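Protein chains in written order, with our numbering: chain P, 1 to 271; chain S, 1001 to 1217; chain W, 2001 to 2258; chain E, 3001 to 3221.
One or more of the hints may lead you astray.
[What the hints assert, rightly or not] Derived DSS-like pairs (lysine-lysine); straight-line CA-CA distance at most 30 Å: (1) W:Lys-2031 to E:Lys-3216; (2) P:Lys-116 to S:Lys-1053; (3) S:Lys-1168 to W:Lys-2031; (4) P:Lys-139 to P:Lys-115; (5) P:Lys-116 to E:Lys-3216; (6) P:Lys-147 to E:Lys-3102; (7) P:Lys-143 to E:Lys-3026.
[Stated by the list, open to error] Stretch-level coverage of chain W by chain E, calculated; a stretch enters the list once three of its residues show a Cβ under 8 Å from a Cβ in chain E: (8) 2002-2009; (9) 2014-2022; (10) 2178-2191; (11) 2222-2235.
[As the list claims (entries may be wrong)] A few chain S residues that face chain W, going by a derived Cβ cut-off under 7 Å, partial list only: (12) Trp-1048; (13) Gly-1067; (14) His-1070; (15) Ile-1073; (16) Ile-1130; (17) Leu-1131; (18) Val-1153; (19) Leu-1156; (20) Phe-1160; (21) Phe-1161; (22) Glu-1164; (23) Phe-1165; (24) Phe-1185.
Honestly, the hints are just simulated from the structure, not real lab data.
Only a predicted model underlies this, so the values are computations on that prediction, with no experimental measurement involved.
Glycine included, every Cβ here is placed at the ideal spot set by N, Cα and C.
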Amino acid sequence: MRLLAKLQEIPYRVVYLLVLVAIVLPFVIELKLPVFVSNETLMAYNTIEQLPDTQIVIFVSSWDAGIKGELWPQTEALMRHLMQRGIKFAIMSQIAQGASFAEEIAERVAKLYNKKYGVDWCNWGFLTGDAAMIQALAKNIPKTVQKDFRGTPLTDIPMMQGIEDISDVSLIIDIDYGPRPEWISFVHGPYGTPIIFGCASIVSSTLFPYIDSGQLAGLLVGVRGATEYESLLGYRGMGHKLIIPQSLAHLLIVILVLLGNIGYLAARKLQ
Amino acid sequence: MNLELFIWVEAICTLAIFSFLFRENPVYRLFEHIFLGLTIGFVLMKTWLEVLKPKWWDRLIYCIEVGDPHFWIWIIAFILGMMWYFQLSRRWYWISRIAIGISLGVGAGMEFKNQFMLIMPQITASFKPILVRNTQGMLQFSFNNFFMVFTIVAVLSYFFFSFEFKYKGMQLLPRAGRLLLMISFGAFFGNTVMTRFAVFIDRIQFLIQQWLHIGGG
Amino acid sequence: MEHANWAIRFLIFLLCASILIRIWQARKGKKLFIRRLPGLDAIDEAIGRATELGKPILFSLGLGGLNPTTFASMSVLRYVTTTAAKYGLRVIVPIFRPEVYPVVEDLMREAYTVAGRPDLFSPDDIRFFSDQQSTWASAVAGTMERERPAANFFFGEYGFESLIIAETGRHIGAIQIAATVSYYQIPFFILACDYTLMGEELYAASAYLSDNPVLRGSLVGQDLGKILITLLIVLGSIGATFATLKGIPNWILELLKY
Amino acid sequence: MRGFIIKLLTFLAGLFYFLEFILPAKIGRYNNPLTPYIQPVGEFLIVFWGFAIGVGALSLMVSHYRKIKLKRPGWAYSIVFFISMIAMMIAVYLNSTHPTPKARFMYELLFTHMYMPLGATIFSLLALFMASAAYRGMKIRTLEGAVMVLSAIIVMLGQVPIGLWLTHRLPAKAQLPRISAWILNVANTAAYRAVIFGIAVGAIAMAIRVWLSLEKEMEVK
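Please model the entire structure based on the sequences and the hints provided.
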């Protein structure tokens, strides 16, 4: 019993070491695990599958370094799907750092599919003003955005010819640590444009109610969502690379919690 | 050549921050301040280049050049925008309250549309038939629907503050609400792990594969 | 639907009227009833425990600036300080945002004076550490280790640091009460604290302990909105059940579309 | 007087968006008079809020400048803060206006290979804190705690392929990812939806208080 009680006294540095081992292990030994595709990811995939190629997609990418481990693979997977289907999209960001990350990914993916800046995709850069901006954007895109992030007027960009307002947009994708519900209330609510969110796993619990009500056309949850999307597209990208160490880390946390509880119960019996 | 340099710089940055795990130390603080400086510099310059220059400065200049009478709008925007900065002064703080007031007012005015557009579909989506017949898996379907409606009502009742439930049975409702909320918070916790680990794994992967060249990939 | 329909207009009118009337009543001096939350007993217990041990209390106001949430937390701080001062206890307040500091300083001085112990007030007990989250968290944790408070209160808005400070508090064996509107942090507080007030309960606790008529009136007025939503959902579900069983249209649903 | 002007401006600013929403699209023969202004007002607000981004930066700069001037402990760090800030500003500016290879190099070094790893690593420390906190904190002490821990464990295992791998021999309904999906899509959806209703009503109440300047503490003297 005393030995069991010791189980709740593992020093924190040992815990750190265990975590490190769990994460390093898959880089040394190759593991393959089955992927379960969840409903919310499948919804996102089907939505993009059925998009018309006459309208554009607004790709909001408002994340930065701190959350790159989850949202990079999501952004990559979604951009691949859009380019593979030949759907034009415009990147924008609601934080200063966001557009640079999305730009880097878009350039890489564009090389794979031979897509050209300005023709198949463009980057509007950083837009402040949250809800006021979203409402203005829905009414008039060229006037609200003015120039792309390289300073080219929107009117000079080939793919933006004839794009006026929200009726020329077939889908909005918002990839963010916590995607902003303002997109739902000010775009989906009034105009019915479908919306897909990509979020950090931590905030996903708050977004599930919008799936059930049909306000979201799809949701990617952290690395899990990215991995599922990759498997739907049929390639093994960054998501697949990250999900294996994630698996071991999750397993380790569960084991630690169980050990802690066994130790706690044993210690209580001793008293 | 460049690549090798970049990888070393990146590795030093990563390890310097990890050194915090042993204790707070001067190297960590040095890199913390570098990071702070880089962030502020980046945000300021991007805001100028991608927001203020194209959407304010260029237009103001354009309006003045062609003699468009709308230029005063952009002068007002500048004056109002400058009011934010009086927050930093104790004496002139009240001037910043004009900017804050307008901002709060706009936010408050939009809140009505924002919230109602969000919750109306949520309300109608909660109209679930609690008894379903003649469909496959009707038992599970009915149970799920009943469970959802019950949960919503119970949790909402937990947040009623202006009266107490008189009957013993009814008092159980808010208690059940708190318990059902715990399932949701468990899910919150479960989902947290992935976010916290995602970046950590990314960093370790960088150190192992790109810096130390261990493992495939 | 770009603009409000009649159902929404009606709901907005009802909600606004209910909230404004209640605020007006409360300002006129009407005592509006607010239920005593279980969390409030926990607050008193925590102060009692600190009195028994003769150790200080730590009250953190979280990350928020001068916004309604922070003000609501401050009225709880005022209550805790006044009560604690009567028993000769110190209250330590770590501050995150510099603009909060002067407001808290005035509040504390007043609270000690009201309790008849102006001598206990010391500006050193109100501590501004940093407005960098991780630095602030380790400074708060450090303070706990040195001062060994018997009771910790975490009120207001929190980020990831909730985990670090609440864990440290548990480690030193303090009674801990948390109240936060940051839903992501609630699980960590539930695990590490003795009682956690969730979301709106923070405002309810504040309205109960202070006599801020605006907060109290608004809270009572809000209840109408919540009751209305509850009723709508119950009736709507009954309607939906009949709609699927008997094939008649769900008139509650039709009503909301009007 | 000051207080009154601020209250009036707050009220008018809110009135525009409030009325735009409340009024129907067509009033008799006329269109909603405010809807055409949504776009220009939005443009104006984008600029107005764009200026606000500098406030936090300026206050940081002032506090670091004071540290250097008064030679407070750690003032050398403040110098580092200014150097890296200016370097980043130059790099971003040159990279977007004169993208020479040198500018590109500087940008890559500062943004991709310093800013990105530093931000990511600072955030990644939380993984270790969280592991040890979960181990020490997730004890089943009460019924509430038990429900939470159980739900957390199922969701944790359901999130990753290992959950499917552990239970793939069981019938489909008992597999961890499916139970986890039930928790997320049914139990969590319902409970959090109720929370959303509470938040929405609270937000409307807060909006009324702010719009009509009823908060006593926020008043300007």
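Now for the hints, and whether the structure bears them out:
1. Between W:Lys-2031 and E:Lys-3216 the CA atoms are separated by roughly 19 Å; this keeps the pair inside 30 Å, and the hint holds.
2. A hinted pair counts as satisfied when its Cα atoms are at most 30 Å apart, and P:Lys-116 with S:Lys-1053 qualifies at roughly 26 Å.
3. Annotation: proposed proximity of S:Lys-1168 to W:Lys-2031 holds, straight-line Cα distance about 26 Å (limit 30 Å).
4. With a C-alpha separation of about 29 Å, the suggested pairing of P:Lys-139 with P:Lys-115 holds against the 30 Å cut-off.
5. Taking the CA atoms of P:Lys-116 and E:Lys-3216, the gap is near 57 Å; set against the 30 Å cutoff, the hint is violated.
6. Restraint check for P:Lys-147 and E:Lys-3102: satisfied, since their Cα atoms lie roughly 26 Å apart, inside the 30 Å limit.
7. Between P:Lys-143 and E:Lys-3026 the CA atoms are separated by roughly 25 Å; this keeps the pair inside 30 Å, and the hint holds.
8. A count of 4 residues in the region 2002-2009 of chain W with a Cβ less than 8 Å from any Cβ of chain E is obtained; the coverage claim is therefore met, three being the minimum.
9. As drawn, the region 2014-2022 of chain W meets chain E at 4 residues by the rule of a beta-carbon pair under 8 Å; at three or more, the given contact holds.
10. Given as covered by chain E, the region 2178-2191 of chain W passes the check, having 5 residues with a CB less than 8 Å from a CB of that chain where 3 are the minimum.
11. Interface restraint, the region 2222-2235 of chain W with chain E: holds (4 residues with C-beta to C-beta distance below 8 Å; minimum three).
12. Below 7 Å, beta-carbon pairs count as interface contacts, and S:Trp-1048 has none with chain W, the closest being about 24 Å; its hint is therefore violated.
13. Checking S:Gly-1067 against chain W by beta carbon gives a least distance of about 36 Å; that is not within 7 Å, so the hint is violated.
14. Proximity of S:His-1070 to chain W is violated relative to the hint, the smallest CB-CB distance being about 27 Å (cut-off 7 Å).
15. For S:Ile-1073, the suggested interface contact is broken, since its CB lies about 25 Å from the closest CB of chain W, more than 7 Å.
16. With a cut of 7 Å, the hint placing S:Ile-1130 at the interface with chain W holds, because the nearest CB-to-CB distance is about 5 Å.
17. With its C-beta approaching chain W no nearer than about 5 Å, S:Leu-1131 sits inside the 7 Å limit, and its interface hint holds.
18. Hint status for S:Val-1153 relative to chain W: holds, with the closest Cβ pair at about 6 Å, below 7 Å.
19. Here the hint on S:Leu-1156 is kept, as its CB sits about 5 Å from the closest CB of chain W, short of 7 Å.
20. The criterion of a C-beta within 7 Å of any C-beta in chain W is met by S:Phe-1160, whose closest approach is roughly 6 Å, and the hint holds.
21. At a threshold of 7 Å, the smallest CB-CB gap from S:Phe-1161 to chain W is about 5 Å, leaving the interface hint in force.
22. Using the Cβ-Cβ criterion of 7 Å, the hint placing S:Glu-1164 at the interface with chain W is satisfied: the shortest such distance is roughly 5 Å.
23. Given the 7 Å rule on beta carbons, the hint for S:Phe-1165 is violated: about 9 Å separates it from the nearest Cβ of chain W.
24. At a threshold of 7 Å, the smallest CB-CB gap from S:Phe-1185 to chain W is about 4 Å, leaving the interface hint in force.
Hint compliance for this structure: hints 5, 12, 13, 14, 15 and 23 are not met, and every other hint is.
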